[in-house]
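Chemist: Chains as they are written, first to last, in our numbering: chain A, 1 to 208; chain B, 1 to 208; chain C, 1 to 208.
Don't read these hints as lab results, they were simulated from the structure. Among these hints, one or two may not hold up.
Since copy identity is lost for identical chains, a pair holds within one copy or between any two.
[As the list claims (entries may be wrong)] Heads up, simulated SDA-like pairs for lysine to any residue below, C-alpha to C-alpha not over 25 angstroms straight-line: (1) Lys150 to Gly56; (2) Lys150 to Arg29; (3) Lys150 to Val74; (4) Lys150 to Leu33; (5) Lys150 to Leu53; (6) Lys150 to Leu77; (7) Lys150 to Ala82; (8) Lys150 to Leu184; (9) Lys111 to Glu168; (10) Lys150 to Leu81; (11) Lys150 to Leu9; (12) Lys111 to His196; (13) Lys111 to Gly56; (14) Lys111 to Tyr83; (15) Lys111 to Trp197; (16) Lys111 to Arg84; (17) Lys150 to Val190.
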Amino acid sequence: MNERLMFNLVDLAGTFAFAISGATAARRRNLDLFGILAIAYITACGGGIVRDLCIGAIPPAGLSDWRYLLTAVVAALLTILAYRWVERLTYPVRLFDAMGLGLFAVYGANKALAFGHNAEVAILLGMVTAIGGGVARDVLLARVSVVLQKEIYALAALAGAALAVIGEYLHWPVLWATWLPILLCFALRVLSLYFHWNLPRFGREHQG
Amino acid sequence: MNERLMFNLVDLAGTFAFAISGATAARRRNLDLFGILAIAYITACGGGIVRDLCIGAIPPAGLSDWRYLLTAVVAALLTILAYRWVERLTYPVRLFDAMGLGLFAVYGANKALAFGHNAEVAILLGMVTAIGGGVARDVLLARVSVVLQKEIYALAALAGAALAVIGEYLHWPVLWATWLPILLCFALRVLSLYFHWNLPRFGREHQG
Amino acid sequence: MNERLMFNLVDLAGTFAFAISGATAARRRNLDLFGILAIAYITACGGGIVRDLCIGAIPPAGLSDWRYLLTAVVAALLTILAYRWVERLTYPVRLFDAMGLGLFAVYGANKALAFGHNAEVAILLGMVTAIGGGVARDVLLARVSVVLQKEIYALAALAGAALAVIGEYLHWPVLWATWLPILLCFALRVLSLYFHWNLPRFGREHQG
């Protein structure tokens, strides 16, 4: 009960943080009111929609559950109306984002398993749930996604999804199986931000 | 009967107009013959294909109904062969496009309801049916979609889809439930073009 | 048996070549390790995933069959670790790519037919299987897809898929129905590379 409530709160906080990152990026690109709302919503819900299409969960929850739409719209309007205030919130927004990343990865992996799919599908789609919205945001803004370029982001989601699948296969108690992977992803993400961890690159020959 | 025929005619006229907008944009970007045909087809049918995937209508009608493919190909070839002529048709093409926008929004919303989904899904996917192809066109041309930036376009589709769902829930007669939302979307779109209505933007601080 | 094995080998060789083209493009754009792996995987498997969503094959084989993921990861790591070596392999990689193109087109068309869809769906999705990954790669790298611009690529896939559907409808022996369309696509592609065949363009008025 208490745990369910906490899960829901983290889920909506993650949606909120993802939507803020979408709305902020769209506002910077000078999109209009509708464009900002649309990008905020897609950043928050796009990953889950792709996951649901791939596991056969029709209609996708991001389309049918009004709480996600409402949360994204409120986050976008806040970003518009209180932009200077939101800008000052970089730190908490990043924390929410890291929490959302972990929770989306774990929730996505669990949902894929619950629909009867194998471990590979669950791990890949857990990651897609967490990072898909951010990739869609960047595709719509016609830029190479920061998800594919900066710090440990997708990899943290991948680690969280993988641990969630392991926990499920080893029949860990629900509390552990849910929060340990979220914590792993969250910690990896926050530490990589703090210590500026980056994955290696190879694009320029003189760096090789 | 007569009504059915009119509906089909508007449907194909909308497909035609959407395909012309896709082919024109692809030609300007100097894509080759195949690229122009592909972008025309995706602009005309992309929104409906995404809708069908989300509501579980497999295979998507845009893939299985040859009339859409044929209409898109004819529109693209016309755009190539009679480019100067098509350029002079800006006005009728915009009218067809506005009609197509309304009809796609209403048809998309109705199809989602017919597949048993709720009002939120129907409204969102009605809008996606209408604007999805244009967004896909712009993503493939590697630019931020004009749909997210210019005039009242997506919002007109949203209004049309919402009114269609309201009409369905209130059991309006079919004639009203079909054409009133199309007319609303069409009128919003044409008026916004005529009077240069735009949604507010917030991207540059000095405009805020 | 022998034929089955050859089919599987060509399938994995095609996956390998597609993944190399993805990894090479991602490395040039200076993406990090994860970005290169992700783009390689999506280039190799993206077309098949879209096909499976459209024909109702849930979950998509690209997500559930570990051989594709493993092949893509190995190809990406090779591209990173032995870049100078891979660069010298342009010629064999292009041959594998042309083989993969033909095989993906034919396999995609056959799978769509096997799921009970009509000829149009099969031909379109055969082509999507073959070129979808390359288009997704370019969308993620925020550029207009070379698939829509250069030489005979998509058209070769379309020809292969169409011939595969014709062979199926005319009940050709499996050996012919499989390899003749692959050969047609392969030959078209290789000849267009060799002779620099391009489809016409119309984008600049002085070229018209």
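Chemist: Take the hints in turn and mark each one as holding or not.
Modeler: Hints and how they fare:
1. Lys150 to Gly56: Result: close neither inside a copy nor across copies, 32 angstroms intra and 35 angstroms inter.
2. Lys150 to Arg29: both (20 angstroms within a copy, 13 angstroms between copies)
3. Lys150 to Val74: between (28 angstroms within a copy, 23 angstroms between copies)
4. Lys150 to Leu33: between (28 angstroms within a copy, 10 angstroms between copies)
5. Lys150 to Leu53: neither (28 angstroms within a copy, 30 angstroms between copies)
6. Lys150 to Leu77: between (27 angstroms within a copy, 19 angstroms between copies)
7. Lys150 to Ala82: Intra 27 angstroms, inter 24 angstroms, cutoff 25 angstroms: inter-copy only.
8. Lys150 to Leu184: Result: close within a single copy only, 19 angstroms intra versus 43 angstroms inter.
9. Lys111 to Glu168: within (11 angstroms within a copy, 33 angstroms between copies)
10. Lys150 to Leu81: Between copies only: 21 angstroms across chains, 29 angstroms inside a chain, cut-off 25 angstroms.
11. Lys150 to Leu9: neither (27 angstroms within a copy, 36 angstroms between copies)
12. Lys111 to His196: neither (32 angstroms within a copy, 46 angstroms between copies)
13. Lys111 to Gly56: both (11 angstroms within a copy, 18 angstroms between copies)
14. Lys111 to Tyr83: So Lys111 and Tyr83 fail the 25 angstroms test inside a copy (35 angstroms) and across (39 angstroms) alike.
15. Lys111 to Trp197: neither (30 angstroms within a copy, 44 angstroms between copies)
16. Lys111 to Arg84: neither (37 angstroms within a copy, 42 angstroms between copies)
17. Lys150 to Val190: Only inside one copy: Lys150 and Val190 sit 13 angstroms apart there, 38 angstroms across copies, limit 25 angstroms.
Violated hints, in rising order: 1, 5, 11, 12, 14, 15, 16; the structure is consistent with all others.
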